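> Letter by letter, the chains look like this.
Protein chains: 4
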Amino acid sequence: MRELKVGLIGGGFMGRAHSLAYALAPIAADIGATVTKEVLVDATPELAATLAQQLGWRSSSTDWRELVERPDIDIIDICTPPQFHAEIAFAAVAAGKHVFCEKPITNDSAEAARLTQAALDAGVVTQVGFNYRHAPAISFARDLLASGRLGTPLQFRASYLQEVGFGADPNRWRASRATGGSGAVGDIGSHIIDMAELMFGDIRRVSARIRTMAVGETGWAEEGGQVDDDGRIDDSGVWLAEFANGALGSFAVSSYASGRKNRVYFEADGTKGSVEFNWNSREELKVSYVDEAKDHKGFRTIHTNNEHPDGWWRLAGLGTGYPEISAIQFQKFVRAIVDGGQADPDFGHATHVQQVVEAIIAAAASDSWVDVAPRQDRS
Amino acid sequence: MRELKVGLIGGGFMGRAHSLAYALAPIAADIGATVTKEVLVDATPELAATLAQQLGWRSSSTDWRELVERPDIDIIDICTPPQFHAEIAFAAVAAGKHVFCEKPITNDSAEAARLTQAALDAGVVTQVGFNYRHAPAISFARDLLASGRLGTPLQFRASYLQEVGFGADPNRWRASRATGGSGAVGDIGSHIIDMAELMFGDIRRVSARIRTMAVGETGWAEEGGQVDDDGRIDDSGVWLAEFANGALGSFAVSSYASGRKNRVYFEADGTKGSVEFNWNSREELKVSYVDEAKDHKGFRTIHTNNEHPDGWWRLAGLGTGYPEISAIQFQKFVRAIVDGGQADPDFGHATHVQQVVEAIIAAAASDSWVDVAPRQDRS
Amino acid sequence: MRELKVGLIGGGFMGRAHSLAYALAPIAADIGATVTKEVLVDATPELAATLAQQLGWRSSSTDWRELVERPDIDIIDICTPPQFHAEIAFAAVAAGKHVFCEKPITNDSAEAARLTQAALDAGVVTQVGFNYRHAPAISFARDLLASGRLGTPLQFRASYLQEVGFGADPNRWRASRATGGSGAVGDIGSHIIDMAELMFGDIRRVSARIRTMAVGETGWAEEGGQVDDDGRIDDSGVWLAEFANGALGSFAVSSYASGRKNRVYFEADGTKGSVEFNWNSREELKVSYVDEAKDHKGFRTIHTNNEHPDGWWRLAGLGTGYPEISAIQFQKFVRAIVDGGQADPDFGHATHVQQVVEAIIAAAASDSWVDVAPRQDRS
Amino acid sequence: MRELKVGLIGGGFMGRAHSLAYALAPIAADIGATVTKEVLVDATPELAATLAQQLGWRSSSTDWRELVERPDIDIIDICTPPQFHAEIAFAAVAAGKHVFCEKPITNDSAEAARLTQAALDAGVVTQVGFNYRHAPAISFARDLLASGRLGTPLQFRASYLQEVGFGADPNRWRASRATGGSGAVGDIGSHIIDMAELMFGDIRRVSARIRTMAVGETGWAEEGGQVDDDGRIDDSGVWLAEFANGALGSFAVSSYASGRKNRVYFEADGTKGSVEFNWNSREELKVSYVDEAKDHKGFRTIHTNNEHPDGWWRLAGLGTGYPEISAIQFQKFVRAIVDGGQADPDFGHATHVQQVVEAIIAAAASDSWVDVAPRQDRS
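Residue numbers (my numbering), protein chains in the order written: chain A, 339 to 717; chain B, 339 to 717; chain C, 339 to 717; chain D, 339 to 717.
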């Protein structure tokens, strides 16, 4: 069996999550390869060594450029703060490595497109960390739509709500554009854009309102919710979308939604049925069909198991957490490398999502509807 | 105790609902007057007589003009199809009657404004049938916002979803503008606009997309969701709102949402807390506060009882249905007549909601953000 | 159309609830008769007159014996404290009146049996106020079981939980056996026994534990939950049941369940499917079938409407409250009088439920399983 | 840092689950040791080798006796079918190994007591696989009870429901006592007994009904739910419990509960508050307090995070699955070995739970209440 050696760059929250996922993935299912957690890179020798030991990597380093050039490394996994993603990814692709990169690969869609092209030219497999979409319940929803069980898409409503803004350090890097923060639209909104397009196809036009509700803790009280952000990322946004197939979409994100615990939520209606998903009940998909008997109409709550796409366990209800969903994501990535195909979602898809994000920002800034550039064919 | 005699015009679904509410209102609480169900008007003598008997009215008639002029009648209650609302309301106001009118009082905000002024000039009490807002849980949410418990308003997300479109008669009067249909935005969307403004204050600007998904049963299959409507009302809409206080709003309505059972839903976030309401669990308000202890954060589910505004029962969880909420609505109307004040929501408020609806329609038609006319002071 | 004149004895909470129900019942559906709220009886002339006016009764009285003898009265409706139920019911039956009596008709099953026989001998219609069972969702569950859709009954789990004990007046009449209190098992437990037998058939044997958790506010702290009750009713109980068909049951009641808002709850499993009901979502029945497709197994949430037994509204999700369920109860009672049949649940059924309650109390007292007397055939 | 080498016996479902947990545990948190997955034992060389490769073990074997004697092995982890648990555990303890054993350690409480004593004599750490109790939400509930926040325990209601019986192979080893099946009471009921005692303290007496609903697929149809089981395990049971502190308990288990997806559920009431837990929403604990403000009473839904005992993630709502809960279980086991204390739940606790299970079985067989032997002090 083929061995794939991974070099992980960045041992923070995401590096830990990926480490868990690499540990789970080959145990949970046959992925056609062994995956070796070879090198962990972080900022200082001490930190890198400590993290490598904790997270189960064979060795550590502070030099990602050297890592990228090592001939024994097959996969570069990028978990740094976002401002470094693109530079590392370009170098990894140039060195012929398969690249898994956390989102956003860059906050500039033109750069993302160049990076996508570079990966295609190099013939390497790329994947971007839109992890939530890999929940079996979402894969099941996608299949129901793709197979026509839900009919023609009509309306998609989604929100991604958190309360992380309250009490957070105002000087955290995530809150500043200069240090790579994407803002709520780019950071969490991109996940629901990804899900929307996974199910309903591409978005064609958008209209939006975006706010930076807080500069520090008291901003809103004095400013009525509208403050000059001075480089601060947005933390609240709403947008409408018109899909290419004519369906309508409504979206909302916020970092200041009290009581919302990483709540990724969507409802999707078609002419034959509807689905509802809530990440806080991520094993369940709620499904309603129009053609049910008159006295049996309503949503059924389906707990996913191995009867559903990407499901592991025969026994529904055992419990699927964040690490398992991440493990599914890496199973697909490794499978694509082993089988010689393309991973999904790849850099090309990430480029498109970034274009939607940029259209939303442009729509909010210009007070008008903005077209999303059509997805380009692979060259 | 004062006796108030009511003349009801229109004995269809809404006439029945109002009849139930008049029966309940004085039993459930002291409203300061007795209410007599005096006359029911409908199209033919037979129908009017049968309905009067079934719904508990003393007599019947086919002549609403005569009814409006009767000196013994105190209240005119208008439950006809919408196309007749305004004409009857003008006549009733001119005759010095207090008027309860189902929504919309008219689909033309200018006419609504004239009607409002006529009622003010006549010194009569008016109320419009935004019934859902009278759920005690919503009144409680309004109080939490008004008292500052939820802090500064940040984001409001609402939807009103039904599945009534599926299998419905395509020739029903509700589906045609010519016979008074308001479309999903005007018909059901107006309720969530009403709730949004009840809690967050007035809406200032809107952007929107509106669709008529169906002309007959097969429209969407051939047309990809976009059909020429030829006088058909809209049945799907999404819009964004900017509130006067700077908060953001996201809204969706649909008549083709499989599995949705008259689902009126909203989430409202402030800087100190959030609330969530679902008409399908109308006795409950979910409330989350930012300042809870770190290990006790989350939404609490509060069942309303007589500790809450408009609540009847000491024992929470007994059950509050559509008729009870309607009865609360009429308690407020009668109370305003008895006390000599203004009812809420009155024709002036209905005029404003209609202006928001028209702004949404204009925004959808013009592909741009549209300002809502500011609410006018009472003259 | 036949007119039925009602005499109501007792204008407290239940008298008010019945008054609401009588007001609703004939408007909501054709019940084949007009129902006149003729006389309200209460303790003093002032109270009776005030309540009659508030609750919409034509006249008032303090003399129930006289009322029972009045030839123009068709129905006697008994809403007094329980200690008076049986005496009034015997007199009403003897006078040839149809009798609606709140539960318990008596806390003594032998007396209940005599009362049942007296009513049969007199040829009058009787009904007892097991109101919750009339929720359309429960009638639907009963039909699913009766029609075999759920297969052979296997297990029934139910609870009725309240938090009314906390902070209640320790001297309230409901808390003392001497003034007619039935205890949690008899008062609220009887409802879930009624529902269990409605669906699974008769209970054959029981085992139980019953407690009086509180005498006053501090009883439990000193006594570890076990206090001498000195005439105090029980407020906490659990019991097992073996049904005549071999199915198993598990039950719990409590008046000291924090956060429980009149929560009547059951789960019923059969060999082909299961149902779940929660009074706090009383419009919904959750239903799961064994033979669903492998990737579509799970509970569906069905909102009742006029496709379901006893449902009024075409539009599911409008909202059904306590008064509407009570109105359904009276529709059935009146219908039985008009049609000349028997109402359900009648005094005979109430007698049987009382026998189950007594078996539970005996089982708890004797520390052993106790047989329930078989239901007797009508003589 | 200390290295602990594990020998795993049995590579089926539980062996896989433990393999996932060992992979996660040291990455997720500092456990004070490295854990090496050294040897996997299974029935044949091929199977053992394949499983070792898949599940990430260094080597494989078919000889558990040899493994137990290997001086380099620190921990023996027993995941075989239950009929072999005790024999292996005795040997491992005798060899001075720390032992993690899946439940039941044996279906005979006397043997369990001897095994417990042997482990105490050998001075080794033991733990039994009551995995569900390690959910942070349950640990939080336990702390709320232990700290007095919920007051004096009053009533505990629990069920563990599955639908695994439907369509299962009637000849599976789990369905026969001869091959070690514990029956629904012992297999899944033991988990809710464990949780009940974790929160409310020891159970003193029980009453019960137990059934084997199926022998093959058609048993119930012919037999009305009561069949001679001929060595078949029970698949349905209900029981009552009296706790040593006077609180009451009600329990139910079933393998034939359509729509129930491994649903472990409990409600616990105290004099100051209540909690509710559902494994299908295992990140949440619902908590209600008696002393809330009158208009704020109700259950709050608390999502656990690192503010709660055993929680990993700062961000609530990320998602905790079966493997993570298992990893928490092994973190505690390893921590006990490293710190030199006792693990919880150890073999002594497992012995006690088995005594409760046997009392339930005896109560069902004898038709009477049966005392549970008091937990013995450590010798």
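Keep in mind that the hints are not guaranteed to be accurate.
Copies of the same chain are indistinguishable here, so a pair counts whether it falls within one copy or spans any two.
Mimicking SDA-like on lysine to any residue, the simulated pairs with C-alpha atoms at most 20 Å apart in a straight line are [what the hints assert, rightly or not]:
| hint | residue 1 | residue 2 |
| --- | --- | --- |
| 1 | K343 | S704 |
| 2 | K610 | P712 |
| 3 | K670 | D368 |
| 4 | K610 | H634 |
| 5 | K632 | E449 |
| 6 | K610 | A456 |
| 7 | K610 | L536 |
| 8 | K343 | A367 |
| 9 | K343 | R713 |
Simulated from the structure, these hints should not be mistaken for laboratory data.
Remember, predicted model here, so these are calculated numbers, not experimental data.
> Does each hint fit the structure? Answer for all of them.
Hint check:
no.: 1; hint: K343 x S704; in the structure: neither (47 Å within a copy, 56 Å between copies)
no.: 2; hint: K610 x P712; in the structure: neither (28 Å within a copy, 41 Å between copies)
no.: 3; hint: K670 x D368; in the structure: within (11 Å within a copy, 29 Å between copies)
no.: 4; hint: K610 x H634; in the structure: both (15 Å within a copy, 16 Å between copies)
no.: 5; hint: K632 x E449; in the structure: neither (53 Å within a copy, 41 Å between copies)
no.: 6; hint: K610 x A456; in the structure: neither (42 Å within a copy, 47 Å between copies)
no.: 7; hint: K610 x L536; in the structure: within (18 Å within a copy, 35 Å between copies)
no.: 8; hint: K343 x A367; in the structure: within (18 Å within a copy, 24 Å between copies)
no.: 9; hint: K343 x R713; in the structure: neither (32 Å within a copy, 52 Å between copies)
Consistency with the previously given hints fails for numbers 1, 2, 5, 6 and 9, ordered from lowest to highest.
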